[in-house]
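*Asks:* My request is simple: use the sequences and hints to build the entire structure.
Protein chains in written order, with my numbering: chain E, 1 to 145; chain S, 1 to 782.
Check the hints yourself; a few may be wrong.
[Stated by the list, open to error] Pairwise CB distance ranges (calculated):
| hint | chain 1 | residue 1 | chain 2 | residue 2 | range |
| --- | --- | --- | --- | --- | --- |
| 1 | S | LEU285 | E | ASP81 | 30 to 40 Å |
| 2 | S | ASP338 | E | THR38 | 51 to 61 Å |
| 3 | E | PRO78 | S | ASP622 | 52 to 62 Å |
| 4 | E | ASP81 | S | TRP585 | 52 to 62 Å |
| 5 | S | ALA260 | E | PRO78 | 52 to 62 Å |
[Unchecked claim] Residues from chain E shown here face chain S by an in silico Cβ test under 10 Å; the list is partial:
| hint | residue |
| --- | --- |
| 6 | ILE66 |
| 7 | THR67 |
| 8 | ASP87 |
| 9 | LEU89 |
| 10 | SER90 |
| 11 | TRP95 |
| 12 | ALA108 |
| 13 | ALA112 |
| 14 | GLU129 |
| 15 | GLY134 |
These aren't lab readings, by the way, just hints derived from the structure by calculation.
Cβ coordinates follow ideal geometry from the N, Cα and C atoms, glycine included.
What follows is the residue order along each chain.
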Amino acid sequence: MATRTRTRRALVFAVMPLVLVGGCTSKEPAGGAPVGVTLRDFHITTDRPTVPAGDVVFNVHNEAPITHEFVVVRTDLPADDLPIGLDGLSVNEDWLTGVGEIDEVPDAQTDALLLNLAPGRYVFFCNLEGHYLGGMHGVLEVTAP
Amino acid sequence: MTRADRTTLLSPGAMRLDRRIAPIVALYLVIVTLIVGYDAHLISDQRGSALIINVAGRQRGLAERYEKDVILSTLGVQADPSDDEEQLKTNAQALLEGGDVLAVQGAESEVHIRPASSDPLIEDKVAEARRLIDELVGKGNVLTRLGPGQPGYAQALLDLRIVGAQVTSVTNDLVGTLTTDAEASFRRLVSMAIAVGVLGAAAAIAMGLLIRRAAARGVSQFRTLVNNASDLITVVDATGTVAYQSPSAGRLLGMTGDLAGSDYLAALVEDDVERVRSLFADLALAPETTVKAEYRLRHVDGSVLHVESMISNLLDDPTVHGLVLNTRDVTDRKTLEDELAHQAFHDSLTGLSNRAVFHDRIEHALARGERHGSRLAVFLLDLDGFKTVNDSLGHDAGDELLIAVARRLEFQGRSSDTVARIGGDEFGILLEDDADELRARALADRALAVFAVPYEVQGREVFIRASIGIALSVPGDTAPNELIRNADTAMYAAKAAGKGRYEFFRPFMHTRALERFEVQADLERALVHGEFVVHYQPIVDFETGAVKSVEALVRWNHPTRGLLGPIEFIEVAEETGAIVPLGAWVLGEACRQAATWRSNHPGAADLGVSVNLSTRQLLEADLVTQVREVLEASALEPSALTLELTEGSLMQDVDETVTTLGALKELGVRLAIDDFGTGSSSLGYLQRFPIDALKIDKSFVDGIATNDSEDPALVRAIVQMASTLSLETIAEGIEGTDQLDALRSTGCRSGQGYLFARPLHADALEAFLDAADPAGAVDART
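*Replies:* Right under this line is the structure:
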């Protein structure tokens, strides 16, 4: 799991400037277009397929009985065809452009993630082993404002 | 709380108290008894919780073992997943509704557990765990019905592993929650003990002490249960110094005695120490956080265990003050994973990446390249003459050579470049990040240099070369297949252009590749249908002008493509092995024709015939017998036959070749080295071979009449050397009279080329002999 730990750290650094632009931390989301996200065993749904570029707040509610995570990457790959790591069971985040993530969303709780997103195509997923491949992924199109 | 404990409590200290305070003591005792009763209930509850946690935790290991056994059983390994399947289901059901489960994994005795929790949130987790166990068993049954190689096996294997991973994450989650819950109730117990203390009085204090002892027993019972599972519980400080180590360290790591105060990291495999040390330090800064880490521990007997630890920061928890490691042995799982991953991603012979990985890397590099506008280069490298090594020295030697080539190639790329074995004797290299023709050339040069030094295979020196095809991606290219195909085409172009070199892909090469493919398919048919013909090119004596000999050259009378020269098919025939029957046929045909001319044609009584011998033929075990039989069948005088060999084929296996050539010489035939000067043979070797003649390659003859070339001096040197070794020299490809004059001045005595005649059909050659004067002489200048 060492690689994963490193990957995570890299992602944290990648996210920092975005958060600074937003002017607040992910724990205290301010204004921004809201996207409602629901996590279940083992799929993810959102309440809107597109959102205008700029500050976006993901309100992530975990309806599943167990903890999940929520990772956002920018990619044009199909959501169900992201590169898989050598364990064969989770996405290789090294090969993707990480945008932001919530490490743990405990069951029956809601957490928020504020990101400043440029126009483009974004894929989100839960990268616990077996969860992404079990179907926990989705797409969000960010349109020019 | 046992009966014995209660007896100790009531005597003798309590009984010696002043009778006047007896009512108070009695009141205290009543309160205390009530509290003890409550505590006893809590302790028993705690034991129940520990058992439930143990069963829930066991599910994870069972599921992994079940998954492994299912996979192994489909691979034909003796493994029976049915026991695990039954236990998994029993446990899952018992956790949900209560029931009997095995007390300890692998034991016979059963214990009863109550439902894991009445908390609806935890109930949901337990239900989810049971649902996934059912799904896991379902996937397991699907896979068991299929065998490897059956359609759907790979998907079923993946499905099983996905659900297996989901079971692991759900049980981890469940165990974590149950543990937190149990810890909370343990804290309540401790609070109660403190409350008892506040009630004052010696009896209460005694009771408090008793309760603490009871609590400690509760904890030790908890530990005993946990330790019966395979988990190792360790408490360390932020620097890794052990505060507590569960006794299972003895079973798992062979460590005995009190390990408190020792350095936990000292038990780690050296490469993992710094990583885990910094993980401890990082985690110490994040209160109440849990991380998972995989690393390796060393057993005192030296063996290495792969373990997985859930590490929780409980430094701020007054009851713990440390990092708590819950560690389990995942060596079996790791071995299986590594095995599966290795099989899926590596070439088993060389350990290099395999075709699938190569393909995958190209795909991702293309995607990245598109984002950043950078190009990449795909190299395909095919060994020239590998088949010969395999055929002559055996497959073990071939494998040894492939491994040696792989090792040398690995050192040529940067670490970011991928070197892969694509199959057979074909290797692939992916040059990433801003590849351009200049960088690709540099890498290709380095890769070719790998073959400049001979390989030592089974104690012999083997010279081998490689042809490399290179395809550069064009921005906008997205198909890895096309890039590989282009590199393949370029690789064949490099082979066609003389081997031991590299070519970049150019679009016109596609047409050539197609033609080549057709040739391969046609060859076999052509042999059966007798579509080959032999043409003869005269070799003329410069002094007399007489035709002293003819070189037999094979042509393919192709039904749709017309008459094809050897360049169009010999190489393919060499590779496919068709050269052996084809060569034998040419030898027989040429000898028969030469014998006929010698007996029937006036002036051709001494006519010789030269036949080319391919590398493959030279390595045929029965070559000498074949030649003898052909000579007998055609009744050709052996000294009239010259067998022509290339330098390259002589160098394949020098010792063996010397023996074969010696046997051929004993038959009385003559031997010549063809295309002399183009190969890399050392002149020293020439003395070892019983050679009669050198044929000077056309490339030297081409430049011989020009003043600014070194060729005249070279040819002179070759002729002089040949004469020292008593070898005849024959010049090839003479096209002009100026070349003939220049050759004569070097001392060369005979030659062939368009100046005298092209290769001619047998009938045409006869006419050519007729046109010559009765002595067989032709005037080269008309």
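*Asks:* Now tell me, hint by hint, if it's right for this structure.
*Replies:* We went through each hint and held it up to the structure:
Checked against the given bound of 30 to 40 Å, the beta carbons of S:LEU285 and E:ASP81, roughly 38 Å apart, stay inside it. For S:ASP338 paired with E:THR38, a C-beta distance near 37 Å fails the hint of 51 to 61 Å. Between E:PRO78 and S:ASP622, the C-beta spacing of about 60 Å keeps the proposed range 52 to 62 Å intact. Against the hinted window of 52 to 62 Å, the Cβ-Cβ separation of E:ASP81 and S:TRP585 comes to about 54 Å, which satisfies the hint.
Checked against the hint of 52 to 62 Å, the C-beta distance between S:ALA260 and E:PRO78 comes to roughly 54 Å, which is consistent with it. Satisfaction of the interface hint for E:ILE66 is found here, the shortest Cβ-Cβ separation to chain S being roughly 4 Å, below the 10 Å cut-off. A distance limit of 10 Å between C-beta atoms decides the matter here; for E:THR67 the minimum to chain S is near 6 Å, and the interface restraint holds. Below 10 Å, beta-carbon pairs count as interface contacts, and E:ASP87 has one with chain S at about 7 Å; its hint therefore holds.
Because the smallest distance between the Cβ of E:LEU89 and any Cβ of chain S comes to about 5 Å, under 10 Å, the interface hint for this residue holds. Given hint, E:SER90 at the interface with chain S, holds; its Cβ is 8 Å from that chain's nearest Cβ, closer than 10 Å. Below 10 Å, beta-carbon pairs count as interface contacts, and E:TRP95 has one with chain S at about 6 Å; its hint therefore holds. A hinted interface residue such as E:ALA108 counts as satisfied when its beta carbon comes closer than 10 Å to some beta carbon of chain S; here the least separation is about 6 Å, so the hint holds.
The closest approach between the C-beta of E:ALA112 and any C-beta of chain S is roughly 20 Å, which is over the 10 Å cut-off, so the hint fails. With a least beta-carbon distance of about 4 Å to chain S, the hint placing E:GLU129 at the interface is held under the 10 Å criterion. Given hint, E:GLY134 at the interface with chain S, holds; its Cβ is 6 Å from that chain's nearest Cβ, closer than 10 Å.
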